[in-house]
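Could you slot chain H onto chain F? The hints should help.
Protein chains in written order, with full-length UniProt numbering: chain F, 1 to 117; chain H, 1 to 117.
A portion of the hints provided could be inaccurate.
[Stated by the list, open to error] Partial chain F-side listing against chain H, Cβ under 10 Å, derived: (1) Ser16; (2) Val17; (3) Ala20; (4) Arg26; (5) Phe88; (6) Pro89; (7) Gly90; (8) Asp93; (9) Ala94.
[Unchecked claim] Okay, the calculated beta carbon distance ranges per label pair: (10) H:Ser100 with F:Glu62: 16 to 26 Å; (11) F:Pro24 with H:Gln71: 32 to 42 Å; (12) F:Pro24 with H:Thr73: 31 to 41 Å; (13) F:Ile70 with H:Gln74: 48 to 58 Å.
[Unchecked claim] Heads up, incomplete: computed chain F residues facing chain H, CB under 8 Å, no partners named: (14) Asp11; (15) Leu14; (16) Leu18; (17) Tyr19; (18) Leu21; (19) Ser22; (20) Pro24; (21) Pro40; (22) Leu91; (23) Val95; (24) Ala98; (25) Ala99.
Just so you know, these hints were derived from the structure itself, not from any lab. Beta carbons are placed, not taken as given, at the ideal position from N, Cα and C, and that holds for glycine.
2 protein chains.
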Amino acid sequence: MKILHHPHRDDIHLSSVLYALSDPIRLGIISVLAQTGEQPCNYFCVPVAKSTLSHHIRTLREAGVVFVRIQGTQHFVTIRRADMDTRFPGLLDAVLGAASDAADFSADPSSPSDGVT
Amino acid sequence: MKILHHPHRDDIHLSSVLYALSDPIRLGIISVLAQTGEQPCNYFCVPVAKSTLSHHIRTLREAGVVFVRIQGTQHFVTIRRADMDTRFPGLLDAVLGAASDAADFSADPSSPSDGVT
Numbered sequence: 001m002k003i004l005h006h007p008h009r010d011d012i013h014l015s016s017v018l019y020a021l022s023d024p025i026r027l028g029i030i031s032v033l034a035q036t037g038e039q040p041c042n043y044f045c046v047p048v049a050k051s052t053l054s055h056h057i058r059t060l061r062e063a064g065v066v067f068v069r070i071q072g073t074q075h076f077v078t079i080r081r082a083d084m085d086t087r088f089p090g091l092l093d094a095v096l097g098a099a100s101d102a103a104d105f106s107a108d109p110s111s112p113s114d115g116v117t
Numbered sequence: 001m002k003i004l005h006h007p008h009r010d011d012i013h014l015s016s017v018l019y020a021l022s023d024p025i026r027l028g029i030i031s032v033l034a035q036t037g038e039q040p041c042n043y044f045c046v047p048v049a050k051s052t053l054s055h056h057i058r059t060l061r062e063a064g065v066v067f068v069r070i071q072g073t074q075h076f077v078t079i080r081r082a083d084m085d086t087r088f089p090g091l092l093d094a095v096l097g098a099a100s101d102a103a104d105f106s107a108d109p110s111s112p113s114d115g116v117t
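Isolated chain F, as found in the complex:
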């Protein structure tokens, strides 16, 4: 089974987290996850190709912002909230608050499964 790398909490760096959050698509993904909890990758209704969505989720995962869990052919994504809040208190809430005025990346649970990472 494919093993996805997730950085240890102590190896999560502020600059990588800020970079991961500096893209509007990735901000939208995080905003949706903050509101809904864990979701499969195909839950996100974003105006990009599946391969691009995979890239964005990989960037968030490698920065330590999200955890990706494999179940069958699906990849489920969730925010590493405890790790974020421990490493950088208040940062995620401030970013999410600021992002609330951004574009509405509404979820679309009816879209077909793809299992991207």
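Chain H only, in chain F's frame:
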């Protein structure tokens, strides 16, 4: 006289601010400015060439994070604290708090003037 562009408060975007803050050098510059207030560009003791420092300060200026004031051959930099706090409440404090564990970019007031932007 050279006119430097600064985005209007309403044109400051979260993604641009997060990107500008996602570099360790730029984070160091902002941390120093937060502690000391307005400083000339040559105040920052960073391990990069002057041209690279200019690039970093330009990135911060164009994102709306800092204001650059020209006086003679000097460029003075200050954080646009009111604009940041109005647009993204709590964000800068959260970033600065998280950055406090980062590398020490101590100021070096004795370094020669260069007037970079």
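Cross-check of the supplied hints:
Nearest Cβ of chain H to the Cβ of Ser16 (chain F): about 8 Å, under the 10 Å cut. The hint holds. Among the interface hints, the one on Val17 (chain F) holds; its C-beta lies about 8 Å from the nearest C-beta in chain H, closer than the 10 Å criterion. For Ala20 (chain F), the interface hint holds, the least distance from its beta-carbon to any beta-carbon of chain H being 8 Å, beneath 10 Å. With 10 Å as the threshold, the beta carbon of Arg26 (chain F) comes within range of chain H, its nearest partner Cβ sitting at about 9 Å, so the hint holds.
Against a cut-off of 10 Å between C-beta atoms, the interface hint on Phe88 (chain F) holds, since the closest Cβ of chain H lies about 4 Å away. At a threshold of 10 Å, the smallest CB-CB gap from Pro89 (chain F) to chain H is about 7 Å, leaving the interface hint in force. Taking 10 Å as the C-beta cut-off, the interface hint given for Gly90 (chain F) holds, the closest approach to chain H being about 4 Å. With a least beta-carbon distance of about 7 Å to chain H, the hint placing Asp93 (chain F) at the interface is held under the 10 Å criterion.
The criterion of a C-beta within 10 Å of any C-beta in chain H is met by Ala94 (chain F), whose closest approach is roughly 4 Å, and the hint holds. For the pair Ser100 (chain H) and Glu62 (chain F), the supplied restraint of 16 to 26 Å holds, since their beta-carbon distance comes to about 24 Å. Distance hint for Pro24 (chain F) and Gln71 (chain H): a CB-CB separation of about 36 Å, consistent with the stated range 32 to 42 Å. With their beta carbons about 39 Å apart, Pro24 (chain F) and Thr73 (chain H) fall inside the hinted range of 31 to 41 Å.
A hinted range of 48 to 58 Å for the beta carbons of Ile70 (chain F) and Gln74 (chain H) is consistent with their spacing of about 56 Å. A distance limit of 8 Å between C-beta atoms decides the matter here; for Asp11 (chain F) the minimum to chain H is near 13 Å, and the interface restraint is violated. Look at Leu14 (chain F): its Cβ gets to within about 5 Å of chain H, closer than 8 Å, so that hint holds up. For Leu18 (chain F), the shortest C-beta to C-beta distance to chain H is roughly 4 Å, which falls under 8 Å, so the interface hint holds.
Annotation: interface hint on Tyr19 (chain F) holds; nearest CB of chain H at approximately 4 Å, less than 8 Å. The beta carbon of Leu21 (chain F) is positioned within 8 Å of a beta carbon in chain H (closest approach about 5 Å), and the interface hint is therefore held. Nearest Cβ of chain H to the Cβ of Ser22 (chain F): about 4 Å, under the 8 Å cut. The hint holds. Satisfaction of the interface hint for Pro24 (chain F) is found here, the shortest Cβ-Cβ separation to chain H being roughly 5 Å, below the 8 Å cut-off.
Annotation: Pro40 (chain F) was flagged as interfacial toward chain H, and the flag is violated, the nearest CB pair being 25 Å apart, outside 8 Å. Against a cut-off of 8 Å between C-beta atoms, the interface hint on Leu91 (chain F) holds, since the closest Cβ of chain H lies about 4 Å away. The beta carbon of Val95 (chain F) comes within 7 Å of a beta carbon in chain H, closer than 8 Å, and the hint placing it at the interface holds. A distance limit of 8 Å between C-beta atoms decides the matter here; for Ala98 (chain F) the minimum to chain H is near 4 Å, and the interface restraint holds.
The beta carbon of Ala99 (chain F) comes within 6 Å of a beta carbon in chain H, closer than 8 Å, and the hint placing it at the interface holds.
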